[in-house]
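Asker: Given these sequences and hints, build the entire structure.
Chains as they are written, first to last, in the numbering used here: chain A, 1 to 342; chain B, 1001 to 1333.
These are computed hints drawn from the structure, not numbers from a lab. One thing to keep in mind: the hints can contain errors.
[Claimed, not checked] Pulled a few chain B residues facing chain A out of the computed Cβ check, cut under 7 Å:
id	residue
1	P1118
2	L1131
3	L1258
4	Y1296
[As the list claims (entries may be wrong)] Computed beta-carbon distance windows for the label pairs:
id	chain 1	residue 1	chain 2	residue 2	range
5	A	A131	B	T1323	34 to 40 Å
6	B	S1088	A	N262	37 to 43 Å
7	B	S1291	A	T119	32 to 38 Å
8	B	D1289	A	R226	39 to 45 Å
On a predicted model such as this, the values are computed, not experimentally measured, just so you know. Don't be surprised by glycine CBs; every beta carbon is placed ideally from N, CA and C.
Here is what each chain is made of, one letter per residue.
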Amino acid sequence: MTAANSDHREAAAAARAEEPRPGGGGATAAGRLRWRRPEPLDIGIAVAVLAIVVAGAMTSRFFSLDNGRAILASTASVGITAIGATLVMIAGSAVSLAVSQTATVVAMIFLSTQRLGLTVAIVLALVCGAAVTALQGAIIGFWTANPIVLTIAAGFAIGGVATWISGGATVYPKGTGYKSLDSTPLGLPLAVYVLIGLALLAEWMLRRTTAGRQMYLIGENLPAARAAGLPVGRIVVIAWALFGACIALTGIFLASFNTSANADLGGTLSLDAIAAVLVGGTAIGGGSGSALRTLGGAVLIAAISDLLLLRGFSTGLQLLVKGILVLIVVIAVHLRATRGRR
Amino acid sequence: MIRRLISRPERLVPAASFLVVAVALAATPAMSGERLTTFDIRNALQGFAQLGLVALGLGLTMIAREFDLSVVGTYALGGMLAVQTGKSSAVLGVLVAVGAGAAIGAVQGGLIARLRLPSLPVTLGTYIALLGLTSAMSGGLSKTYTNSGATEWVDRTVLVVFSPRSLGTLAAFVIAALVLGGTKLGRELRAIGGDRRAARVAGVRVERALVGLFTVSGALAALGGALLSYSYASANPNQGLQPLILSAVAVLLGGVSLAGGRGLPIGLLAGALSVAFIAQIVAITALPDYSTELLYAALLMVVVAIDAPGLRQAVDRVKARATSTPSHQHHSP
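Answerer: Written out as structure tokens, the structure is:
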């Protein structure tokens, strides 16, 4: 069964390698000049943006500075994690279901180490988040373990150990250093600047560094990447470690914002982050995607939720629209990737 | 001998996990100091009824190498629909819920099969949408079910340790085992999960099977949700991811691999019973709650280790070096 399965995967990977890679940076100057038939995804995004603009124009207060700030602020915490999730999805590991628990644990570590000073607390939180997540990446990268099963197990382990140590109680800070992270320079939460900086940094890394380019190659065709002698295990670990650092940053900002951390702090972060990455047009199978588009996806989701909120729709309807948006983008991305093959 | 057992994890994993958990359950009197009562067994079976149907649906899709994340959304929607439409007739409520679940599954299965979409992102989108729909239906609040006759009936004790709910869940597993074991459907399902292209070439109607599979999975999840809300006499619009994660644990302990092509309904039954028994063991021995999570994590790590081809290769390499027999080095990946 294992041999047959690996054959199948190689065949699937080979088939995927023939697909054009959206956003893979392959477009040449000549290709850009040629008139291109609009793709379903482009049309879909254009329609969605147009619909928001029209509906926004008809909604009072949607196009105001305050509302723009509110949209960006609500994007920040999910967006930061989604940037990290983009790297992991590009490198072919699909998804992690341990994100909420990791963010919760990091938030607890961050708040309970406030005594040691803000810098030490941040460094400790980042190192813990990156280490725990990189460990999962190592098992996936070196041993080709299944990411879904492994991260479910990791989620149980992290959540269990956190409850064990904290005794299930809410963690309160022993210091006030964290308050400077909740500041709002120029009217925007600090987390928004971190999100934008991270998105630019991740985009640069994906396009300009060897590790970034290799993430695309590994996600696109794992057997070929192995055969070509790429350091698959090491690159996957790097992607997961950066993902862990992003989750940790989200945890730190969540902790600073809520000024306490309990077991529910992470909430629905795992799936919200995946939704943002998918709406950004990254394919779940790996090999394509971009951090800036994930940022766009996160902002789009936040803008739609905000618009529905302003028009008085319930949380339920906001979720319904978000789910349908994910479905539409997933179908459009898939149709574009497989067009010409079918 | 051991190698042969490990090479058949669809029997070894569920048998081993069920055996370990059953022995642990039988040994609980040594820790709690009290005898195991039929009440404890009945409670464990009620827990099994709570996740069994979702686990069965999820497991069947996973055998075909699909992952139906939306079951947890259909579960919530089924519960809400049953409570809102089954006020006068409980049967009508169940029928509406199951019909809606089957329809949602059929649409998703159609999309996944015809467009050859990956199932994880599609079912994630559906899950978020269904969560929103369920919440919009109830205004985001829990809804009380006032038909107390139905609430009493689904949980009434039958045959000492059973209830109509747990018996119905067991029956679903037996039917799945008979259908998959007695017809060629079982082999087709594993063929689709193992090598889809080869299955298609061999004449398996893959598209039709996938639509049917997602329809069954949606219907089972909605039925489970409907019965649960009758039992609780209320429907919760959002139960979080917990039912999905626990069902996934049950499926994985049931010997199904996310790589597809492997698994039996009887294994899924053993997996679901194992998860329910673990929760009951923790309850009986009054262990702290987090021990359940740590137990699940430990069991899943064993599954990860059995399933990871890279780890097997690494072990083989170490063994080969230790015994210096080079033939092992070329063991197929």
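Asker: Against each hint, give a clear statement of whether it holds in the structure.
Answerer: Tested hints:
no. : hint                           : result
1   : P1118                          : holds, 5 Å
2   : L1131                          : holds, 5 Å
3   : L1258                          : holds, 5 Å
4   : Y1296                          : holds, 5 Å
5   : A/A131 <-> B/T1323: 34 to 40 Å : holds, 35 Å
6   : B/S1088 <-> A/N262: 37 to 43 Å : holds, 42 Å
7   : B/S1291 <-> A/T119: 32 to 38 Å : holds, 36 Å
8   : B/D1289 <-> A/R226: 39 to 45 Å : holds, 42 Å
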